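Produce the complete structure using the sequences and hints provided.
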Amino acid sequence: MDEPRLSRRRLLTAGAAIGAVPVATAAAAAALGGRDVPFTEGQANAPVAIEDTKGWTWFTEAEAAFVTAAVGRLIPADDLGPGAVEAGVPTFIDRQLAGPYGRGERWYMQGPWGPGTPTQGWQTRLTPAGMYRAAIRSADAVVARAGKAATFAKLAAADQDAFLKTLESGEATLDGVDAKAFFAQLLQNTLEGFWSDPIYGGNRDMVGWKLIGFPGARYDHSEFVARHGEKYPLPPVGLRGRIEWTRS
Amino acid sequence: MARKLPPVDALLVGFGWTGAIMAKELADAGLNVLALERGAWADTSRQFATTFAQDELRYYWRHDLFQAAAHDTQTVRNDASQVALPMRKLGSYLPGTNVGGAGVHWNGQTWRFLPSDFVARSHNLERYGAAALPESMSIQDWGITYDELEPHYDKFERVCGISGKAGNLRGQIQAGGNPFEGPRQSEYPNPPMAMSYPPTLFAEAARGLGLHPFPQPSANMSRPYVNPYGVRLQACTYCGFCEKFACGNYSKASAQTTILPVLMNKPNFRLRTECEVMKVNLDSSGKRAVSVTYVDAAGEEFEQPAEMIVLCSYILNNVRLMLLSGIGAPYDPQTGQGVVGKNYAYQITSSVNLFFDDKILNPFIGAGAHGMLVDEWNGDNFDHAGLGFIGGGFLGVVQTGARPIESHAVPEGTPKWGGAFKKAIAANYLKTMSIATHGAVMSHRGNFLDLDPTYRDVYGRPLLRMTFDFTDNEHRMSDYLTDRAADIARAMKPRELAINRRKGSWDVVPYQTTHNTGGAIMGSDPGTSAVNKYLQSWDVSNLFVMGASAFPQNPGYNPTGTVAALAYHSAAAITQRYLKAPGALA
Numbered sequence: 055m056d057e058p059r060l061s062r063r064r065l066l067t068a069g070a071a072i073g074a075v076p077v078a079t080a081a082a083a084a085a086l087g088g089r090d091v092p093f094t095e096g097q098a099n100a101p102v103a104i105e106d107t108k109g110w111t112w113f114t115e116a117e118a119a120f121v122t123a124a125v126g127r128l129i130p131a132d133d134l135g136p137g138a139v140e141a142g143v144p145t146f147i148d149r150q151l152a153g154p155y156g157r158g159e160r161w162y163m164q165g166p167w168g169p170g171t172p173t174q175g176w177q178t179r180l181t182p183a184g185m186y187r188a189a190i191r192s193a194d195a196v197v198a199r200a201g202k203a204a205t206f207a208k209l210a211a212a213d214q215d216a217f218l219k220t221l222e223s224g225e226a227t228l229d230g231v232d233a234k235a236f237f238a239q240l241l242q243n244t245l246e247g248f249w250s251d252p253i254y255g256g257n258r259d260m261v262g263w264k265l266i267g268f269p270g271a272r273y274d275h276s277e278f279v280a281r282h283g284e285k286y287p288l289p290p291v292g293l294r295g296r297i298e299w300t301r302s
Numbered sequence: 060m061a062r063k064l065p066p067v068d069a070l071l072v073g074f075g076w077t078g079a080i081m082a083k084e085l086a087d088a089g090l091n092v093l094a095l096e097r098g099a100w101a102d103t104s105r106q107f108a109t110t111f112a113q114d115e116l117r118y119y120w121r122h123d124l125f126q127a128a129a130h131d132t133q134t135v136r137n138d139a140s141q142v143a144l145p146m147r148k149l150g151s152y153l154p155g156t157n158v159g160g161a162g163v164h165w166n167g168q169t170w171r172f173l174p175s176d177f178v179a180r181s182h183n184l185e186r187y188g189a190a191a192l193p194e195s196m197s198i199q200d201w202g203i204t205y206d207e208l209e210p211h212y213d214k215f216e217r218v219c220g221i222s223g224k225a226g227n228l229r230g231q232i233q234a235g236g237n238p239f240e241g242p243r244q245s246e247y248p249n250p251p252m253a254m255s256y257p258p259t260l261f262a263e264a265a266r267g268l269g270l271h272p273f274p275q276p277s278a279n280m281s282r283p284y285v286n287p288y289g290v291r292l293q294a295c296t297y298c299g300f301c302e303k304f305a306c307g308n309y310s311k312a313s314a315q316t317t318i319l320p321v322l323m324n325k326p327n328f329r330l331r332t333e334c335e336v337m338k339v340n341l342d343s344s345g346k347r348a349v350s351v352t353y354v355d356a357a358g359e360e361f362e363q364p365a366e367m368i369v370l371c372s373y374i375l376n377n378v379r380l381m382l383l384s385g386i387g388a389p390y391d392p393q394t395g396q397g398v399v400g401k402n403y404a405y406q407i408t409s410s411v412n413l414f415f416d417d418k419i420l421n422p423f424i425g426a427g428a429h430g431m432l433v434d435e436w437n438g439d440n441f442d443h444a445g446l447g448f449i450g451g452g453f454l455g456v457v458q459t460g461a462r463p464i465e466s467h468a469v470p471e472g473t474p475k476w477g478g479a480f481k482k483a484i485a486a487n488y489l490k491t492m493s494i495a496t497h498g499a500v501m502s503h504r505g506n507f508l509d510l511d512p513t514y515r516d517v518y519g520r521p522l523l524r525m526t527f528d529f530t531d532n533e534h535r536m537s538d539y540l541t542d543r544a545a546d547i548a549r550a551m552k553p554r555e556l557a558i559n560r561r562k563g564s565w566d567v568v569p570y571q572t573t574h575n576t577g578g579a580i581m582g583s584d585p586g587t588s589a590v591n592k593y594l595q596s597w598d599v600s601n602l603f604v605m606g607a608s609a610f611p612q613n614p615g616y617n618p619t620g621t622v623a624a625l626a627y628h629s630a631a632a633i634t635q636r637y638l639k640a641p642g643a644l645a
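Order-wise, the sequence lines are chains A and B. Residue 106 in our numbering is what sits at position 52 of the first sequence, and the numbering runs on without skipping anything. Residue 293 in our numbering is what sits at position 234 of the second sequence, and the numbering runs on without skipping anything.
FYI, nobody ran anything at the bench for these hints, they're computed from the structure.
List of simulated lysine to any residue pairs, SDA-like, C-alpha gap at most 25 Å:
{"no.": "1", "chain 1": "B", "residue 1": "LYS482", "chain 2": "A", "residue 2": "ALA207"}
{"no.": "2", "chain 1": "A", "residue 1": "LYS264", "chain 2": "B", "residue 2": "THR110"}
{"no.": "3", "chain 1": "A", "residue 1": "LYS285", "chain 2": "A", "residue 2": "PRO136"}
{"no.": "4", "chain 1": "B", "residue 1": "LYS148", "chain 2": "A", "residue 2": "LEU180"}
{"no.": "5", "chain 1": "B", "residue 1": "LYS482", "chain 2": "A", "residue 2": "LEU241"}
{"no.": "6", "chain 1": "A", "residue 1": "LYS208", "chain 2": "B", "residue 2": "PHE480"}
{"no.": "7", "chain 1": "B", "residue 1": "LYS475", "chain 2": "A", "residue 2": "GLU222"}
{"no.": "8", "chain 1": "B", "residue 1": "LYS482", "chain 2": "A", "residue 2": "ASP133"}
{"no.": "9", "chain 1": "B", "residue 1": "LYS490", "chain 2": "A", "residue 2": "PHE278"}
{"no.": "10", "chain 1": "B", "residue 1": "LYS475", "chain 2": "A", "residue 2": "GLU225"}
{"no.": "11", "chain 1": "A", "residue 1": "LYS208", "chain 2": "A", "residue 2": "ASP229"}
{"no.": "12", "chain 1": "B", "residue 1": "LYS148", "chain 2": "B", "residue 2": "TYR514"}
{"no.": "13", "chain 1": "A", "residue 1": "LYS234", "chain 2": "B", "residue 2": "ALA479"}
{"no.": "14", "chain 1": "B", "residue 1": "LYS475", "chain 2": "A", "residue 2": "PRO130"}
{"no.": "15", "chain 1": "A", "residue 1": "LYS264", "chain 2": "B", "residue 2": "ALA479"}
{"no.": "16", "chain 1": "B", "residue 1": "LYS475", "chain 2": "A", "residue 2": "THR227"}
{"no.": "17", "chain 1": "A", "residue 1": "LYS285", "chain 2": "B", "residue 2": "ILE464"}
{"no.": "18", "chain 1": "B", "residue 1": "LYS475", "chain 2": "A", "residue 2": "ASP259"}
{"no.": "19", "chain 1": "B", "residue 1": "LYS475", "chain 2": "A", "residue 2": "ILE266"}
{"no.": "20", "chain 1": "B", "residue 1": "LYS490", "chain 2": "A", "residue 2": "ARG281"}
{"no.": "21", "chain 1": "B", "residue 1": "LYS482", "chain 2": "A", "residue 2": "THR220"}
{"no.": "22", "chain 1": "B", "residue 1": "LYS475", "chain 2": "A", "residue 2": "PRO136"}
{"no.": "23", "chain 1": "B", "residue 1": "LYS475", "chain 2": "A", "residue 2": "VAL196"}
{"no.": "24", "chain 1": "B", "residue 1": "LYS482", "chain 2": "A", "residue 2": "GLY283"}
{"no.": "25", "chain 1": "A", "residue 1": "LYS219", "chain 2": "B", "residue 2": "GLY472"}
{"no.": "26", "chain 1": "A", "residue 1": "LYS264", "chain 2": "B", "residue 2": "LYS490"}
{"no.": "27", "chain 1": "B", "residue 1": "LYS148", "chain 2": "A", "residue 2": "LEU241"}
{"no.": "28", "chain 1": "B", "residue 1": "LYS475", "chain 2": "A", "residue 2": "ALA188"}
{"no.": "29", "chain 1": "B", "residue 1": "LYS148", "chain 2": "A", "residue 2": "ALA183"}
{"no.": "30", "chain 1": "B", "residue 1": "LYS482", "chain 2": "A", "residue 2": "ALA210"}
{"no.": "31", "chain 1": "A", "residue 1": "LYS234", "chain 2": "B", "residue 2": "LYS475"}
{"no.": "32", "chain 1": "B", "residue 1": "LYS490", "chain 2": "A", "residue 2": "SER276"}
Beyond 10 Å from chain A on every Cβ pair, some chain B residues (computed):
{"no.": "33", "residue": "VAL178"}
{"no.": "34", "residue": "ASP206"}
{"no.": "35", "residue": "LEU268"}
{"no.": "36", "residue": "GLY289"}
{"no.": "37", "residue": "SER343"}
{"no.": "38", "residue": "SER410"}
{"no.": "39", "residue": "PHE414"}
{"no.": "40", "residue": "ARG504"}
It should be emphasised that the depicted structure is a prediction, and the values quoted were computed from it without experimental measurement. Even glycine gets a Cβ: it sits at the ideal position worked out from N, Cα and C.
Below you can see the structure in the form of structure tokens.
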């Protein structure tokens, strides 16, 4: 086997060298340790909240109409309470698509591109925002060709449901977009907008959380962990606190 | 041209759990230690403070703590006849990035493997005969025993403050613990966590069936704890944002909450963040690592010489670095020769959902490793004769916190959207729970890792290619576990249940588990393993490879406890023997 090449003594010597010789390089400047851990008070990496919920940042008016109509069917308002539209889900999706998520910034987007097998997952070249754009344009054209209404948003609710089912099953064919993949993304984003923290523009007044009894961003359940079978008594809170503390 | 830096004694590539463990042990031995981490600095107060840690969208669905596929991913396929395509967005597994690695967003489920797990090949051959192991099943013994690892398991459990109940203290079976575990020298440092309703209901039913439910060993603190380094952790608050999240409350053991507070103050330890290692450079003999080449955040290339190099990255990156650096013979699935990339394995999971009418379960109360489990069907704890498979897994209720975007189970037959869905989730959310099974995956000749011929990372290096599928052994075993879970579920008398088996080929889309293993496996024979029992490369004796890449196959438990125990075992061999006489340890 190998000759022994280093002794403990040599190791310590080598260590002393780097300690003694200042190395003025970018690398040395970036080195952490020995009380120079990069802590700056007040520099928390806090979430970026949506402050202005008016209007559209990414959607065109036609796209906004489609998404508003669609999410209203995915989670409708009914006698149980508000649905996705009332919860602000269209605004949530718009702001998400306008940001890093919509641009697919974290996704591997290099080619070559191929369809693959279903078990190989997402293989489209479209970013999430690009997929909405292409799918909605094509979906509205499909609806118009069928002749019941000029756009999806103008269909009667039952016809909207029927059309959404053709997207869900893949029965509908859209130009350049897999209908099933688009529907899956729309449904996922709708659930995200209904149940994520209100700072992102959806789940307005925490209606999504109140519907199911989820208490939100609570920090401490230790008082309740062993109280089996009791109804949880506290109202939901978000990262900015309770509804009545933050409502403008 | 890479700028050459002054040498260090020990260079660590990657700075998660094993990087922190190694750095502490080697720095304590007096070495000058440098760690290179490709991600950024991360600490509790800045990146995941309690004021904003409970954010399902940001941390889970937008992957704030996970590796960006844009930077580095794997290509995947189910068998070698297919063209591998890149995992363009994360799904089935969620590798970490930044300081602390995946140990920041882990659950904290901290197990020891069974004594028989370490001798899986010889044990199964002896008990069931050669016919029980298909020709294509390439399982091996580990070259290390449970008894050798026991003190190192114990050390990690003390550093972390694991909450639990011993089931076997020095050979004496203990009531309330896992009676199947190997003998422990000492009780867990903290008592079990308080139990919420769903795990309690499971345990009652399991006990009624004559089983032995026990609290899951947990790196979530059941009470305030001071570890052997004097670092303080706080009692878990059961907030339910733990699995896939970072803890803002210093209640989950991670490198940040157990080791870094003392390590970062040591004058002979340095960490460089946002420095990505391109390759390990060997000398002309190819038997000695002399340096690594890395690129910093500004894009400048450096050569960092070192007397000793330890790969501490996630398994997929460790294996890729070995392949990119020409360390060890790459595995060839045609001939079965070669070792690097061999015996890639995973885990197989399934579940049973229970829907009650009469029980408010408050499923949002939880923690990453907060559950009651049974181990009757793990490893070789049961007779496999006639079952058509080997291996097993644990099953039970781990109440990690039902965050609604992820957890919105509705009864079978309910539409996925519309008024009926809304009505069903409103009626069921508080009254639903799930029994999960967590099963082993044996190694098979056709499951392996190599370099992709087509796809590249941001530096132009080949991506790692993963060729993997579940085999009959895994499906039979998982179905068997699922049936057992359903038996217990029925004994709990829910209104209805839904059985979710793992069917068909491995699918990269739905999240399953971040328990990827193998590719640089350990063993006692350089012809069939990449590293020895000290995780030292057989080919390059001043290179050590930490992590679950060393597992010859994947037992039915979460890997971190064993990953850490192997790191401590390796560190002990390095500091006690290697430094006195550098060279091959085995």
